[in-house]
Amino acid sequence: MPQPAEFLVYPHRAYGMDQDRYDWQPADRRPPVQLKSGAKAMAFITIPLEFFPLDPPAKPFKHPGAMVTPYPDLRHYTTRDYGNRVGVFRLLKELEAAGLKATFAVNAEIARRYAPLIERIRAGGHEIAAHGVSTAHIHHAGLSEEEERALVAETRAALPDAVTWMSPARNESFKTPDLVREAGFSICLDWESDQRPLPMRTSAGELTCLPNHYELSDFLILSTRSQSEDEWADQILEAAAQTVAEHPERGAQCFGFTLTPYITGLPFRIEALARVLTGLAAMEGLQVSTAAVVAAAFAEASQ
Amino acid sequence: MTHSDPNLYDYWPYEGRPKIRWPGNKKLAFWIAPNIEYYEFDPPVNPSRSPWPRPNPDIAGYSQRDWGNRIGHWRLMDLMDKYGMRGSISLSIGLIDHHPEIIEACIARNWEFFSHGIYNTRYSYGMDEAQERAVLEDSIRSVEQATGQRIRGYLAPALTHTENTLDLIAEHDFWYSCDLFQDDQPQPLKTKTGKLVSMPYSLEVNDVITYSVQGWSPQRYTDLLKRHFDQLLKEGEESGTVMCIPLHAYLVSQPHRIRIFEEALKHIAAHSDDIWITTGAEIADHFRTHYWDESVKDIAARGVATGGTGFAPAR
Numbered sequence: 001m002p003q004p005a006e007f008l009v010y011p012h013r014a015y016g017m018d019q020d021r022y023d024w025q026p027a028d029r030r031p032p033v034q035l036k037s038g039a040k041a042m043a044f045i046t047i048p049l050e051f052f053p054l055d056p057p058a059k060p061f062k063h064p065g066a067m068v069t070p071y072p073d074l075r076h077y078t079t080r081d082y083g084n085r086v087g088v089f090r091l092l093k094e095l096e097a098a099g100l101k102a103t104f105a106v107n108a109e110i111a112r113r114y115a116p117l118i119e120r121i122r123a124g125g126h127e128i129a130a131h132g133v134s135t136a137h138i139h140h141a142g143l144s145e146e147e148e149r150a151l152v153a154e155t156r157a158a159l160p161d162a163v164t165w166m167s168p169a170r171n172e173s174f175k176t177p178d179l180v181r182e183a184g185f186s187i188c189l190d191w192e193s194d195q196r197p198l199p200m201r202t203s204a205g206e207l208t209c210l211p212n213h214y215e216l217s218d219f220l221i222l223s224t225r226s227q228s229e230d231e232w233a234d235q236i237l238e239a240a241a242q243t244v245a246e247h248p249e250r251g252a253q254c255f256g257f258t259l260t261p262y263i264t265g266l267p268f269r270i271e272a273l274a275r276v277l278t279g280l281a282a283m284e285g286l287q288v289s290t291a292a293v294v295a296a297a298f299a300e301a302s303q
Numbered sequence: 001m002t003h004s005d006p007n008l009y010d011y012w013p014y015e016g017r018p019k020i021r022w023p024g025n026k027k028l029a030f031w032i033a034p035n036i037e038y039y040e041f042d043p044p045v046n047p048s049r050s051p052w053p054r055p056n057p058d059i060a061g062y063s064q065r066d067w068g069n070r071i072g073h074w075r076l077m078d079l080m081d082k083y084g085m086r087g088s089i090s091l092s093i094g095l096i097d098h099h100p101e102i103i104e105a106c107i108a109r110n111w112e113f114f115s116h117g118i119y120n121t122r123y124s125y126g127m128d129e130a131q132e133r134a135v136l137e138d139s140i141r142s143v144e145q146a147t148g149q150r151i152r153g154y155l156a157p158a159l160t161h162t163e164n165t166l167d168l169i170a171e172h173d174f175w176y177s178c179d180l181f182q183d184d185q186p187q188p189l190k191t192k193t194g195k196l197v198s199m200p201y202s203l204e205v206n207d208v209i210t211y212s213v214q215g216w217s218p219q220r221y222t223d224l225l226k227r228h229f230d231q232l233l234k235e236g237e238e239s240g241t242v243m244c245i246p247l248h249a250y251l252v253s254q255p256h257r258i259r260i261f262e263e264a265l266k267h268i269a270a271h272s273d274d275i276w277i278t279t280g281a282e283i284a285d286h287f288r289t290h291y292w293d294e295s296v297k298d299i300a301a302r303g304v305a306t307g308g309t310g311f312a313p314a315r
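Protein chains in written order, with the numbering used here: chain A, 1 to 303; chain B, 1 to 315.
Next comes chain B alone, as it looks inside the complex (with noise of 0.2 Å):
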């Protein structure tokens, strides 16, 4: 049986909602995710879907993100320390088993790490509980295990989900997903358990969608985002916004695109005294230590909470 409601969140309208303010008084949260993954070669073919757009081998989209691996992430890396801003890294936990030597550079970044599965060629479809339990247990235990860290987010691979994944990763205590695109501010989910936040990650400037599938110029990429930023900037003086520029050096990182793309960070650092430049895990933390009852008590007031929890609709 399907629904035709996730039921993982109430209806909230965005007008008029309590006044967030980020630590130090500021107006937008910002936080840069790379996505930092391993695309397999030779994947075992889910019935839901292919992994690649061609039959395995699939060398051309192979090894592009082969290239963002041992090229891009590294001129990304540059250009976001010359601006002081670390990364969240939505992570194929794969990749270290595989590159050992990308974790060591960012832990020497004091980065965030957080999970994006395995492989981001096995998708979720299909898993059973104790499968996906599995993945989540795993991505805990290997960061764990290589940095010291305890990840505290989770983007699906693939953005690939069952009816159980929302409700797993709370158990999990995980604090917050990147899985769900409702809304330009933090706000609390209905799993079973824990306290799950719905964190601005952002598809529309995400430059997998701007790049390949709008087809968008570098120049325009860094048109919106300044765009993106200015909007939000100016929103969050009325209540506290996300801006998440989620990144696939594989594509913002070439030759091509780089120097266009330091524009819109150069533009965003400029505005330091206004915004928070932080990690997913924080701005989760402060929203579930500061907001989260607030928020729960607006929706109950102004929006409409029909009750249940994620797939299990009250009535």
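Same shape as in the complex, but just chain A (with noise of 0.2 Å):
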């Protein structure tokens, strides 16, 4: 059977994006961008603090890191909760004895849950972000505007000072950028089309996207593509260095990775952390800090 008529129907084929929320702007067509604190890139880590539920729904798909055995997949349970229970304080000692600040994403279930913790990392002056409700919460163009508007104001609920969004699974239906924007969050870790802030359209004003990059992901790299402590760290470093060694022609860029509590935050991962974290924190012309200081710096930049 063919096609139907309408599937050799372009409407969107014309010049620049088929989505309104952004315009087209490749790299070499635009003026480059100079921080007013001299850095020639920031970069800007993020901390999932994921709750992982023991009945998970399958849909509209199982989260990554979701119970994979038969209930009741304690195995997979308890393997994530020792990042919050443990990892995330290697973590928290890392950082500090670099001199770093993280950008923590909590779900409301781990805010609700787990307060000494989220008192800590308030202590320790870094930022904390809103990461939805729990890992069980996937954000998809399934749910009715009514639904996701609920989720988004559970979320907001528990964490009443967050200004930073990042979705579950980093995943959205079409409208989330609008109802995060709509409940106050400003900044949204979801999208990473840019290797600067990304200005982005929603119907409660512009929400500030910050390139959070999937391939330097711990879950992907370590986890997924099994590759080694030292290629992970390698690679973030590397992708500290090019972005730093690109600023003449390019001016200042920033870029993001996560750290995972129950994965990086393993004893045998600690070294390469560590390499990673006082690299970072070495490096010349590179400014790391937390996602709403990453745009502050470039939004003051281009005014």
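No lab work stands behind these hints, which were simulated from the structure alone.
Please read all numbers here as calculations on a predicted model, not as lab measurements.
Treat the hints with care, since some could be wrong.
What the hints assert, rightly or not - Straight line, CA to CA, 20 Å or less: simulated EDC-like cross-link-like pairs of lysine to aspartate or glutamate: (1) B/19 x B/273; (2) B/226 x A/271; (3) B/226 x A/231; (4) B/192 x B/78; (5) A/93 x B/282; (6) B/226 x A/230; (7) A/175 x A/20; (8) A/93 x B/230; (9) B/26 x B/238; (10) B/82 x B/298; (11) B/266 x B/5; (12) B/234 x A/55; (13) B/82 x B/237; (14) B/26 x B/285; (15) B/234 x A/284; (16) A/101 x B/15; (17) A/59 x A/231; (18) A/101 x A/284; (19) A/93 x B/15; (20) A/175 x A/147; (21) B/19 x B/298; (22) B/195 x B/230; (23) B/195 x B/263; (24) B/226 x B/237; (25) B/297 x B/230; (26) B/195 x B/282; (27) A/93 x B/238; (28) A/62 x B/5; (29) A/36 x A/246.
As the list claims (entries may be wrong) - The calculated label-pair distances, taken between Cβ atoms and stated as ranges, are: (30) B/263 x A/234: 18 to 26 Å; (31) A/224 x B/64: 50 to 58 Å; (32) B/23 x A/71: 36 to 44 Å; (33) B/273 x A/115: 38 to 46 Å; (34) B/109 x A/161: 56 to 64 Å; (35) A/285 x B/273: 50 to 58 Å; (36) B/300 x A/161: 27 to 35 Å; (37) A/71 x B/305: 20 to 28 Å.
Here a beta-carbon is modelled for each residue, glycine too, at the ideal position from N, C-alpha and C.
Dock chain one against chain two, each of which comes alone in its own frame, and use the hints as you go.
Below you can see the structure in the form of structure tokens.
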């Protein structure tokens, strides 16, 4: 059977993007940004703090890292929870040893359950961002607007001061940017289209997207792709060196990467983690900061 | 009805815990858990999960595990003798009947036995309380008959559980469970009765995970064991940690791996001034006797104690 006639109709086939959240702008057609601090590049570290329920829903898909074996999958539940109990404290210790601040993307469920952890992160001067309700609450186009607005509101209630948003599994519906902006979030870590903060149009005003590079995700490199700790560390340091080195042509750029407490927080990875953090902290021309500080620095530069 | 949280333990931040010291003022308790398993040639099918990746009989999988018992186990035993390390055997209880020679060799070395179910091809899914009790009682009785030893630890067969598993092993006076992976220190579990310790056993440095799941090389496995050990020893200065290496002879004892694995044991043995080389039951006993009450108190003070017991939340 042939495809229906509309399969050969291309309503968005024109110059630029096929969606109107932001405009097309290739890297070589725009003025370079110079940061007031003089930094040539900025990096931000995203640390997801996630609750993985023992009985996760399968729709619209199972969150990466969700339970694998039949209920009750105590094995995966407890290996994930290890991150929130033990691993995250190793990350905090190494961040502090290197003098760096990170952005902790926190599920509402974690904020409600693990108050001592949230207090500890705040006391360390790190940014607390919102990461949806839990890994069982994925934003997707199959939700009604009311259902999705309720998820955002529940997250907002648990994390009233957060300005940065990251969706569970970084999955969105067509309306997610509008709903999170409407709830007062001004920064989003889901879209990684650019190498500098990207202003996005929403029905409630501008939302700034920061590039949190999936290709640098510790889950992807260390777990899915099974690469070594040293290979992982080398790639993060290489990304930093490259963005700094491009400064003469491209101006200031930024990038982000994730440290997942149940992955990078394992004892045998701490040596590589320390090499990454001290390497970034010492890198000439690079400034490592939280998502909110990165967004503000680029916003200030472009005024 | 399912639960989103098993409620088997309370939230307890790793930072700032009371200081644990192991006997002899040691900082790290080190134990090795060789899994001595029997996988049936033609097991009954559990509706929740197939016993083998391929349809029965899965010759490749079956014979590789048999090689582990015929060849690999003896190679690993020689290596552990060389470094004076006793094993805590995660035992498929059925193996006592199939291969008594292995049991005798372990008794001769004063190794510890704990239960890993009857066969690793009999999953706990769907068992009622009486059936799970029968497995535990069979485990206790069979090991006692064969060795005179009362088992104190449990690792559910193939890591399969019911909501009752932890309560039932506590009720049967087991001292420790290897089934939970939330921490690098022992800690109290919230069972209806008993004093059941959650014992660090570790999947992350388990040879099944590193070789069969992650696909890492022998050199990389040794490298991560050394790094894992160095980090836990460093943290043990603050409060005693536990490191376990769970092993499967059908993997680690392969001729292309065993010599490279030995480098890790050599590295660990070189720190014998700081570490307690011991068994799971001895660690559990020490923790129950000296640190149980203090831990419960610290969890209430600095953690989030929610009450209730496993799968029975307070409220």
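Each hint tested on the structure:
{"no.": "1", "hint": "B/19 x B/273", "verdict": "19 Å, holds"}
{"no.": "2", "hint": "B/226 x A/271", "verdict": "11 Å, holds"}
{"no.": "3", "hint": "B/226 x A/231", "verdict": "18 Å, holds"}
{"no.": "4", "hint": "B/192 x B/78", "verdict": "41 Å, violated"}
{"no.": "5", "hint": "A/93 x B/282", "verdict": "31 Å, violated"}
{"no.": "6", "hint": "B/226 x A/230", "verdict": "14 Å, holds"}
{"no.": "7", "hint": "A/175 x A/20", "verdict": "12 Å, holds"}
{"no.": "8", "hint": "A/93 x B/230", "verdict": "16 Å, holds"}
{"no.": "9", "hint": "B/26 x B/238", "verdict": "11 Å, holds"}
{"no.": "10", "hint": "B/82 x B/298", "verdict": "40 Å, violated"}
{"no.": "11", "hint": "B/266 x B/5", "verdict": "40 Å, violated"}
{"no.": "12", "hint": "B/234 x A/55", "verdict": "36 Å, violated"}
{"no.": "13", "hint": "B/82 x B/237", "verdict": "28 Å, violated"}
{"no.": "14", "hint": "B/26 x B/285", "verdict": "16 Å, holds"}
{"no.": "15", "hint": "B/234 x A/284", "verdict": "31 Å, violated"}
{"no.": "16", "hint": "A/101 x B/15", "verdict": "18 Å, holds"}
{"no.": "17", "hint": "A/59 x A/231", "verdict": "34 Å, violated"}
{"no.": "18", "hint": "A/101 x A/284", "verdict": "18 Å, holds"}
{"no.": "19", "hint": "A/93 x B/15", "verdict": "9 Å, holds"}
{"no.": "20", "hint": "A/175 x A/147", "verdict": "11 Å, holds"}
{"no.": "21", "hint": "B/19 x B/298", "verdict": "11 Å, holds"}
{"no.": "22", "hint": "B/195 x B/230", "verdict": "30 Å, violated"}
{"no.": "23", "hint": "B/195 x B/263", "verdict": "37 Å, violated"}
{"no.": "24", "hint": "B/226 x B/237", "verdict": "17 Å, holds"}
{"no.": "25", "hint": "B/297 x B/230", "verdict": "29 Å, violated"}
{"no.": "26", "hint": "B/195 x B/282", "verdict": "14 Å, holds"}
{"no.": "27", "hint": "A/93 x B/238", "verdict": "13 Å, holds"}
{"no.": "28", "hint": "A/62 x B/5", "verdict": "17 Å, holds"}
{"no.": "29", "hint": "A/36 x A/246", "verdict": "18 Å, holds"}
{"no.": "30", "hint": "B/263 x A/234: 18 to 26 Å", "verdict": "24 Å, holds"}
{"no.": "31", "hint": "A/224 x B/64: 50 to 58 Å", "verdict": "26 Å, violated"}
{"no.": "32", "hint": "B/23 x A/71: 36 to 44 Å", "verdict": "39 Å, holds"}
{"no.": "33", "hint": "B/273 x A/115: 38 to 46 Å", "verdict": "40 Å, holds"}
{"no.": "34", "hint": "B/109 x A/161: 56 to 64 Å", "verdict": "59 Å, holds"}
{"no.": "35", "hint": "A/285 x B/273: 50 to 58 Å", "verdict": "45 Å, violated"}
{"no.": "36", "hint": "B/300 x A/161: 27 to 35 Å", "verdict": "28 Å, holds"}
{"no.": "37", "hint": "A/71 x B/305: 20 to 28 Å", "verdict": "25 Å, holds"}
Of the numbered hints stated above, those contradicted by the structure are hints 4, 5, 10, 11, 12, 13, 15, 17, 22, 23, 25, 31, 35, listed in ascending order.
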